[in-house]
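Asker: Chain by chain, the residues run as shown.
There are 2 protein chains.
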Amino acid sequence: MIYLDNGATSYPKPPEVIESFMDVMMNYCANPGRAGHFMAARTSQEIFKTRLVLARLFNIDTPGQIVFTKNCTEGLNMAFKGILREGEHVVTTSMEHNSVVRPLKALEKKDITTTIVPCSKTGELSVEAVRKAIRPNTRIIAVTAASNVTGTKMPLEEIGRLALRLGILMMVDGAQGAGHMEIDVKKHRIDILAVPGHKGLMGPQGTGLLYVREGIPVRPLLEGGTGSRSNQLDPELTFPESYEAGTVNAPGIIALGEAARVLNKIGVGAIENHERKLTEKLQEGIKDIAGVTLYGPKNYKKKTAVVAMNIDDMDCEKVASLLNDKYGIAVRAGFHCSGLAHKTMGTERTGCVRMCPGFYTSEKEINDTIKAIKDIALSEK
Amino acid sequence: MIYLDNGATSYPKPPEVIESFMDVMMNYCANPGRAGHFMAARTSQEIFKTRLVLARLFNIDTPGQIVFTKNCTEGLNMAFKGILREGEHVVTTSMEHNSVVRPLKALEKKDITTTIVPCSKTGELSVEAVRKAIRPNTRIIAVTAASNVTGTKMPLEEIGRLALRLGILMMVDGAQGAGHMEIDVKKHRIDILAVPGHKGLMGPQGTGLLYVREGIPVRPLLEGGTGSRSNQLDPELTFPESYEAGTVNAPGIIALGEAARVLNKIGVGAIENHERKLTEKLQEGIKDIAGVTLYGPKNYKKKTAVVAMNIDDMDCEKVASLLNDKYGIAVRAGFHCSGLAHKTMGTERTGCVRMCPGFYTSEKEINDTIKAIKDIALSEK
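If you're matching them up, the sequences are chains A and B in order. When you line the first sequence up against my numbering, it's residues 741 to 1121, in that order. When you line the second sequence up against my numbering, it's residues 741 to 1121, in that order.
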């Protein structure tokens, strides 16, 4: 199978990640932080090392401010629901995923309001429009690092600077950015960063992280056992343990650490270059096919490894089915959990086909995909 | 290492579980419910099959009412916070884990009150005392299936009958019961059941489930993408997808399904018998050692595979350290995330040593543990 659904989850995983997972499961996986025996201690140590290596990946000085989550959605929910208070306001964009806009919609019941800044048809955001949307009660500016539908990158550095200047928190949904492009909490002045472990970071599903800058008070989403202060019903909140109630996914987290080691070694810049080359090849190869419509920025530097398209007025689900059934190519069609992005792009009725090359995609696979799309476009005439 | 910390997490896992995890990770792990291609479809199918096999394990007729969670704590939080409304009341017991009593403590801010019914020193619960604690606004009776400190089983069937008669929801924390004793939602009349995947079920960490009987309205803990109704910001709630926002831990869930298959094949009754034999052997072997104090019921049928003890006035952490350092035996000491249980047992100042044999514990390991405890008790004289 030619796997071009890396926007949903990366596949395959680096062999080191799978080996690491196996090693934990087979050899020492106890419950970290719950006992002092060798196995529990080793599990705790390896989890701590994962915090360090992830901190390095995002240039975070305080690894203890990294909370492990089950996915990026949990991190985003924890941040919005844990940080925002009644009467506060959020500025976000029209290219956000439902994991950002649905929690914000739910928070309307608590008198927390949101302004959605419209992006251009290619998903690009004007920092000036963000600035204009800010109100005296704006607490958070929340932006995706890159759109999951078009790959369009957001101007993180400029928004970070604006947020800093105005004393507003800068929150980044790293779901489609992490591992695919530079995300540097210092350079981009990010206060809150939510990231999945299983997409660009190439770790296992069931993992993710939320980073919150030291000093920002957060209410936890879950209360429960943390292995410490067992005798207190309402213990003082401390990072990270108060936000990791219950048994964490130790083998998943440790394998994610191994994935981050792989990324640090290769370098996110090198991965981005490789993926950009494949994206460019794919997009250049199909852009002149009669009937093909492409979405998102034309400049490859302005986006991550996503090619969004439609063929004539063919149902995008049908195109995806043909690619799968006839050519063995895995893509995703539909609305990609981002209804607002499709309104922005003008595809709110049709959805689109999304193709995401990944680190392990080969040039030959891209060539085969181009041929398949040509074939489908021609056969539909 | 002799691993007697199965109350924290089971180790080792059945080989089938590890093989299943590997198979998913290596061969087809896409994002379930997000695309139609072969890999995503297969991932979805295997997750659906896991719902079926878990439903069989707990005698659940409606597998679609099973929500996958990251751990038991998430399920308990989702149930309490999603079901209870302002002004309602909960009855629970003094043997509960912090994953039950801490969310309830947090809900006091929302005018949701809790009555904690005191258990006996051995952790046993009087159904009559539960009945007396019920108020007109009681919505949920929440009990653990078995205490995580003493193993004491709660009278699930009687409480279920009481709850049914009074129109109150019966909620069970299956953290220490599932896989170790019968939990049958029909026989025990359970409306809400939260279970971890990595303890008695012998699945991987990062998994768990929450079952909620059909027709009970639940607000989700997290909003986000679910792969369906992408164009709606506030879609109608449907089980299970509305409660599984974001990418689920597909390989973990599928491996948990394999674990449940192993359990269904061996039979929970057979596992319980095996573990009881080991527990009895351990407890009988140490009960007459001078200085050893045991906690919990004396009748082995009244508890799961937990032996809780102290040696004279030795610090329980020191006993655990000696067992680890000198004898290579992994146990847990301290308060086990259950301060209330220790108050009930009279060990609120000392904590205790907890030893939990598991399905893979051998008689030889139990003999070695008895010898080590004798040794420690003697050397301290």
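There may be inaccurate statements among the hints.
One copy or two, it doesn't matter: identical chains are merged, so the pair holds either way.
What the hints assert, rightly or not - In the PhoX-like style, the derived pairs of lysine-lysine whose C-alpha atoms are separated by at most 25 Å in a straight line are:
no., residue 1, residue 2
1, 1017, 1041
2, 872, 1042
3, 1042, 1066
4, 850, 821
5, 1083, 1038
6, 1114, 849
7, 821, 849
8, 1041, 1066
9, 1114, 1017
10, 1005, 1038
11, 821, 845
For the record, the hints were derived by calculation from the structure and aren't laboratory data.
Asker: Could you place residue 1017 and residue 1041 in one of the four classes (within, between, both, neither) given a Cα distance threshold of 25 Å?
Answerer: within (10 Å within a copy, 66 Å between copies)
Asker: Checking residue 1005 and residue 1038: alpha-carbon separation at most 25 Å within a copy, between copies, both or neither?
Answerer: neither (30 Å within a copy, 57 Å between copies)
Asker: At 25 Å max between alpha carbons, let me know whether residue 1083 reaches residue 1038 within a copy, between copies, both or neither.
Answerer: Intra 19 Å, inter 66 Å, cutoff 25 Å: intra-copy only.
Asker: Check residue 821 against residue 849 for me: Cα-Cα at most 25 Å, and say if that holds within a copy, between copies, both or neither.
Answerer: both (12 Å within a copy, 15 Å between copies)
Asker: Give the relationship of residue 1114 and residue 849 under a CA distance limit of 25 Å: within one copy only, between copies only, both, or neither.
Answerer: This pair counts as neither: shortest intra-copy Cα distance 49 Å, inter-copy 61 Å.
Asker: 25 Å Cα cut-off: does residue 1042 pair with residue 1066 within a copy, between copies, both or neither?
Answerer: neither (32 Å within a copy, 60 Å between copies)
Asker: Using 25 Å as the alpha-carbon threshold, which applies to residue 821 and residue 845: within, between, both, or neither?
Answerer: both (11 Å within a copy, 18 Å between copies)
Asker: Given a CA cutoff of 25 Å, do residue 1114 and residue 1017 count as a within-copy pair, a between-copy pair, both, or neither?
Answerer: Classified as within; 20 Å inside a copy, 68 Å across copies.
Asker: Is the C-alpha distance from residue 1041 to residue 1066 at most 25 Å within one copy, between copies, in both cases, or in neither?
Answerer: neither (32 Å within a copy, 59 Å between copies)
Asker: What label fits residue 872 with residue 1042 when the C-alpha limit is 25 Å: within, between, both, or neither?
Answerer: within (23 Å within a copy, 66 Å between copies)
Asker: Is the C-alpha distance from residue 850 to residue 821 at most 25 Å within one copy, between copies, in both cases, or in neither?
Answerer: Both: 10 Å inside a chain and 15 Å across chains, each within 25 Å.
In summary, the numbered hints that this structure violates are 3, 6, 8, 10.
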